[in-house]
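Following the hints, position chain Y against chain G.
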Amino acid sequence: MSSRTASQQTPDRSARKKRRTVWFPYLLLIPSAALIALVNLYPFAVGFLYSLEDGTLIQEGSFVGLQNYLDVWSKADFIGAIWFTAIFAFFGVFGSWAVGMGLAMLLNQEMPARGFMRVAFIVPWILPSVVVAVSWRWIINDQNGLLNMVLGWAGLDPVYLLSTGPFARFSVTLVKVWRSFPFMMISLLAALQTISHDLYEAASIDGAGRWQSFRFVTLPHLLPVSVVLWILMTIWSVNDFDTPWLLTGGGPSNATENLSVIAFKYTFQRNDVGVGAAMAFVTLVILMIFSVLLLRAQGDED
Amino acid sequence: MTYNRDRNKRRKQLRRWGLFAATLAIALVINLPVITMILNSFRTTEEILTSSTIVPTNPSLVNYNYVSLNTSFWSYFANSIFVVGSATLLVIMAAALAGYALSRFRSRVITIYSRGLLLVQMFPLVLALIPLFILLRNLKLVNTPYSVILLYTVVGLPFATWMFKAFFDGIPRELEEAALIDGASRLRAFGLVVLPLAGPAMAAVSIFTFLFSYNEYLVATIFLRSKDLYTIPVGIASFMQQFETDWGSLMAAATMAMVPTFVMFLFVQKYMMYGAVGSGVKG
Numbered sequence: 001m002s003s004r005t006a007s008q009q010t011p012d013r014s015a016r017k018k019r020r021t022v023w024f025p026y027l028l029l030i031p032s033a034a035l036i037a038l039v040n041l042y043p044f045a046v047g048f049l050y051s052l053e054d055g056t057l058i059q060e061g062s063f064v065g066l067q068n069y070l071d072v073w074s075k076a077d078f079i080g081a082i083w084f085t086a087i088f089a090f091f092g093v094f095g096s097w098a099v100g101m102g103l104a105m106l107l108n109q110e111m112p113a114r115g116f117m118r119v120a121f122i123v124p125w126i127l128p129s130v131v132v133a134v135s136w137r138w139i140i141n142d143q144n145g146l147l148n149m150v151l152g153w154a155g156l157d158p159v160y161l162l163s164t165g166p167f168a169r170f171s172v173t174l175v176k177v178w179r180s181f182p183f184m185m186i187s188l189l190a191a192l193q194t195i196s197h198d199l200y201e202a203a204s205i206d207g208a209g210r211w212q213s214f215r216f217v218t219l220p221h222l223l224p225v226s227v228v229l230w231i232l233m234t235i236w237s238v239n240d241f242d243t244p245w246l247l248t249g250g251g252p253s254n255a256t257e258n259l260s261v262i263a264f265k266y267t268f269q270r271n272d273v274g275v276g277a278a279m280a281f282v283t284l285v286i287l288m289i290f291s292v293l294l295l296r297a298q299g300d301e302d
Numbered sequence: 001m002t003y004n005r006d007r008n009k010r011r012k013q014l015r016r017w018g019l020f021a022a023t024l025a026i027a028l029v030i031n032l033p034v035i036t037m038i039l040n041s042f043r044t045t046e047e048i049l050t051s052s053t054i055v056p057t058n059p060s061l062v063n064y065n066y067v068s069l070n071t072s073f074w075s076y077f078a079n080s081i082f083v084v085g086s087a088t089l090l091v092i093m094a095a096a097l098a099g100y101a102l103s104r105f106r107s108r109v110i111t112i113y114s115r116g117l118l119l120v121q122m123f124p125l126v127l128a129l130i131p132l133f134i135l136l137r138n139l140k141l142v143n144t145p146y147s148v149i150l151l152y153t154v155v156g157l158p159f160a161t162w163m164f165k166a167f168f169d170g171i172p173r174e175l176e177e178a179a180l181i182d183g184a185s186r187l188r189a190f191g192l193v194v195l196p197l198a199g200p201a202m203a204a205v206s207i208f209t210f211l212f213s214y215n216e217y218l219v220a221t222i223f224l225r226s227k228d229l230y231t232i233p234v235g236i237a238s239f240m241q242q243f244e245t246d247w248g249s250l251m252a253a254a255t256m257a258m259v260p261t262f263v264m265f266l267f268v269q270k271y272m273m274y275g276a277v278g279s280g281v282k283g
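Protein chains in written order, with this note's numbering: chain G, 1 to 302; chain Y, 1 to 283.
Okay, chain G solo, but in the shape it has when bound (with noise of 0.2 Å):
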């Protein structure tokens, strides 16, 4: 407002600014528009490129047009990596979800230290992904772990829980839930205390119980950022390489190698840069399918 009057007084001045205002914002935008660039347009086109090449890291390789996108769906491993990749997802997302969910709940009744509780509910999330490798595989090594170390005092036999295909798998998801669970939980507590108290009060004159408050009220109005909340962690459990690969390796013989980790492997290993990059493609044509669908729930929301 102020400034209109000032360009009243001012007319060839105003001019002036309203010029360069034009090139002021982009002039903003470049130092990090130019990191963008060189760090996600540049290997995404250049990437693409690679995925047409049989080339190592060392040398570019020749051409070879979409033969890396064929083969890579006769690799046995690779298909294990989709795999395993939707199980980790979907059990992660919503095992993080309903936990998140059910604390969430929790700490949004009164009770005294509440803030304190949320912090200590929180500390999953903020360690660094080694610091949680160190502190799980503790708990489930196949030797002197503590869980093995109980099971014995109790005269049962051990469990093999990183050694053995599918009680890796479970143990590996577990972990991710574990880590992933808080993100829900305040972003889920956040909504939860936005709910007026008029609605549940309605819905108990109305003669609903509390699973029938829980169902009609709570549920609903958790909707929407639930469905955001499904697509970024499903988004951050593809794209997680740390959790698998710093609890098993990808192992025991690739069960929990999901497409971060063979696509890591492929290139960086087996020095296969054009199979890796096609697997990394293919992953991010999947995120894109996924990204679509937040940028549509965002825009329903607006």
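Treat the hints as calculated values from the structure; they're not laboratory data. For each residue, glycine too, the CB sits at the ideal point set by N, CA and C. A few of these clues could be false.
[Unchecked claim] Some chain Y residues near chain G, calculated using beta-carbon distances under 10 Å:
(1) Gly18
(2) Leu187
(3) Leu197
(4) Gly199
(5) Pro200
(6) Met202
(7) Ala203
Just chain Y, lined up with the frame of chain G:
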């Protein structure tokens, strides 16, 4: 009447403490891996493997001494501080400018940029790392801290930009407009009037960037090849192989690594509480 009200109040009080006890128990169980790790770091490996209690019976600092004196822990720590400090500085500079542009100007390009930031956040890091490794190797930047600093800066940018934008949205435009009328350039108005008010946003952005970069493992393990450049996460991961049977030292190293994260977290926990989805998702 009063008897009833008293009883009601007592019952309410009882319920609150019951909830407190239940929540505390759940918090302890959930944090059990971290708690046992910290407790175990205070006893020798033999004791860890034979003891049947969770709490150490005769706590000692043997492991901490060992990690401090006989490993490169502190050199890893110094590397981490250099990488994290540089990335944080760069993120603040770039994100403050971009956040100001997003907050004060409207145009198609700016809307596209803002939406693009969301996509950038979803970009699989592994995909970016393949071409970047080759590019940075040709530029002789692989196995230097600069490659890692560059990547951390860009990964931290979207979130930091949104934080700055949200903060600048709260600063009235009239402040800069007064400066513009006094003849200041737009850049001066931003640098001398708006930026000095942005201290709290800078603090929050630095701590979030710190948390992310200090904890990051994948980028560091790809780009930092020689031991004398390792950051804390790569160093601890190498301890995991090296000390496979020396649980005491490993847990002490991990506990030491966790301290900076934890301290920084306590500073920003209230931002995390209310902004998790709000600031992270909404452009």
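What are the numbers of the hints the structure violates, in ascending order? 3, 4, 5, 6, 7
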